[in-house]
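Kindly generate the complete structure, drawing on both the sequences and the hints.
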Amino acid sequence: MTSARGRRERLLWGAGSVLVVCYALVPVAWLLSLSLKRGADLGDHRFLPAVVSLEHYRAVFQDPQFAAALWNSVGIAGLSTLAALLPGLLAAYAIVRLEFPGRRLLLAATLAIAMFPPVSIVGPLFDLWRSLGLYDTWPGLILPYMTFTLPLAIWTLSAFLRDIPWELEKAARVDGATPMQALLRIILPLAAPGVFSAAILVFLFAWNDFLFAISLTSTDNARTVPAAIAFFTGSSRFEQPTGSIAAASVVVTLPVVLVVLLFQRRIVAGLTAGAVKG
Amino acid sequence: MSRGAAASRRLAWLLCAPALAAMLLVAAWPMLHALWLSLFRYDLRFPDRTEFVGLHNYLSVLGSEVWWQALFNTLLITVASVSVELVLGFAFALVMHRALVGRRIVRTALLVPYGIITVVAAMAWRFAFDPVTGFVDALPGLDHAWLAERGPAFFVIVQTEIWKTTPFMALLLLAGLALVPEELLRAARVDGAGAVQRFRRITLPLMRPVILVALLFRTLDAFRIFDTVFVLTRGAQDTESVSLVGYNTLVTRLNLGLGSAVSVLIFLCVLAIAALYIRGFGIDLSRREEGR
Chain D
1 MTSARGRRER LLWGAGSVLV VCYALVPVAW LLSLSLKRGA DLGDHRFLPA
51 VVSLEHYRAV FQDPQFAAAL WNSVGIAGLS TLAALLPGLL AAYAIVRLEF
101 PGRRLLLAAT LAIAMFPPVS IVGPLFDLWR SLGLYDTWPG LILPYMTFTL
151 PLAIWTLSAF LRDIPWELEK AARVDGATPM QALLRIILPL AAPGVFSAAI
201 LVFLFAWNDF LFAISLTSTD NARTVPAAIA FFTGSSRFEQ PTGSIAAASV
251 VVTLPVVLVV LLFQRRIVAG LTAGAVKG
Chain P
1001 MSRGAAASRR LAWLLCAPAL AAMLLVAAWP MLHALWLSLF RYDLRFPDRT
1051 EFVGLHNYLS VLGSEVWWQA LFNTLLITVA SVSVELVLGF AFALVMHRAL
1101 VGRRIVRTAL LVPYGIITVV AAMAWRFAFD PVTGFVDALP GLDHAWLAER
1151 GPAFFVIVQT EIWKTTPFMA LLLLAGLALV PEELLRAARV DGAGAVQRFR
1201 RITLPLMRPV ILVALLFRTL DAFRIFDTVF VLTRGAQDTE SVSLVGYNTL
1251 VTRLNLGLGS AVSVLIFLCV LAIAALYIRG FGIDLSRREE GR
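Quick mapping for you: the protein sequence lines, in order, are chains D and P. When we follow this note's numbering, the leftmost residue of the first sequence carries the number 1, and every step to the right adds one. When we follow this note's numbering, the leftmost residue of the second sequence carries the number 1001, and every step to the right adds one.
Rather than coming from a laboratory, the hints here were simulated on the basis of the structure. It is possible that some hints are incorrect.
[As the list claims (entries may be wrong)] Covered by chain D, according to a simulated footprint, are these stretches of chain P (three or more residues, beta-carbon under 8 Å):
hint, stretch
1, 1012–1021
2, 1120–1127
3, 1134–1144
4, 1244–1255
All C-beta atoms in this analysis are idealised placements derived from N, C-alpha and C, irrespective of residue type, glycine included.
Encoded structure:
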């Protein structure tokens, strides 16, 4: 192989990289630019703002609806993550470490839930939640999020737990550690990266959900960001709230971009652990 | 059975109990409840007119134009987006696999569409294609009422779906590419196999299981499409998906009987797709859980 050919190939893959990056980021850049346009310039059909203005950000942060939605989203997605990880971790431990006849049944159940169309249970949940007083409350959303992310949690966690050198636990026991000590001091630190990966994926699922959010809530009580953005009315009823929606979208997208930048290795590991390994 | 095995069995069930309970109570039981409700005339606006009607709701749904239209739309969106995603995802995965310099940057960039809220992604594209606020109209030859006509509206929906979910496909395929031994490709190259031949004869067959799993997940996901259509058209221009029909019947019109019948039918469609993949292509999903 000549070095000219190698260089040409490298150039080709480099150009491909640039294209992929542009494809992935152009819509985000577009939202950002739209959110920085002045209200009067929104219809100027230009990609970049002629004059940069922060008016839409001011409007969004003064809107009590948006603040409520942000708080609801962070709280509900955070609690859902905890609620899914604890039972997920217990079940994953059982799957990896214990022999029991129901293992295949459990895995089949998680698989079924993962494929389950959420719209199929929106009606009954709507009906049940209203009679149980869970409609338009945090637990009313946390319960379905926890349930629908359990498969994700169990798969990702069991894929990671399987890779832990469990002999270390036995070694620690031989050295005189109690079972609890062995678990907390030896196994937990080894499992932490996997748990963290699973946590990010579960959080993103709850953070992203729209169907349950609009079906099971009606007010600022529990309405989350995706629902608030879709039904944004803005401060004035007569003005198209395009700018405000764009600004709100940027505000909720920035943390995600940050998380992605910081933890991309963990996210990719979690995403592919369940699907490719084994 | 030894006492140790029995104890480990009991412990296993105890550990699995919370997860199982959640899945039974919040997914399985509501599903059975939907099955039950679908046999009744049950409209929340007229609760006193509730009565058992057998399979009448199913006959109404299956006899309606709306359902078949929505099913067709959903299948169209699913097939169009998943097939493009596979090709594009492969291209992206190869770029990440081969590019030495920009690999990390590409991966980071691709995680942005994956992590972004679907509603936000759909909003970005809606504003881009909007006749008033958009920039697409201003591009030469693209002056179109994009979301006001059926064909172009489908195009916008499908391309939004592709933008949002190709990264998932690409990252799974990238992990699969790592399983293809480099020496094998090099040996084939020495033997005179071209790039296309190497890809078709070595890479593709070795990656078959990964490709099928990625396709299965994405197909089921695409079939449940709701957010994108809701934000872009709300089902106008005949772009309604089955999930949108279910939502409209259940939550907007509060017709729980009829809506539950739609829900059960969607569930059956998903089962059929899963069965098609698992039986038809022979994906063995249980094998991956057995460990190595």
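We went through each hint and held it up to the structure:
Under a criterion of three residues with beta carbons nearer than 8 Å to beta carbons of chain D, the stated coverage of the stretch 1012–1021 of chain P is upheld, 7 such residues being counted. Interface restraint, the stretch 1120–1127 of chain P with chain D: holds (6 residues with C-beta to C-beta distance below 8 Å; minimum three). Given as covered by chain D, the stretch 1134–1144 of chain P passes the check, having 4 residues with a CB less than 8 Å from a CB of that chain where 3 are the minimum. For the stretch 1244–1255 of chain P, the assignment as covered by chain D holds, since 4 residues bring a beta-carbon within under 8 Å of that chain's beta-carbons and 3 suffice.
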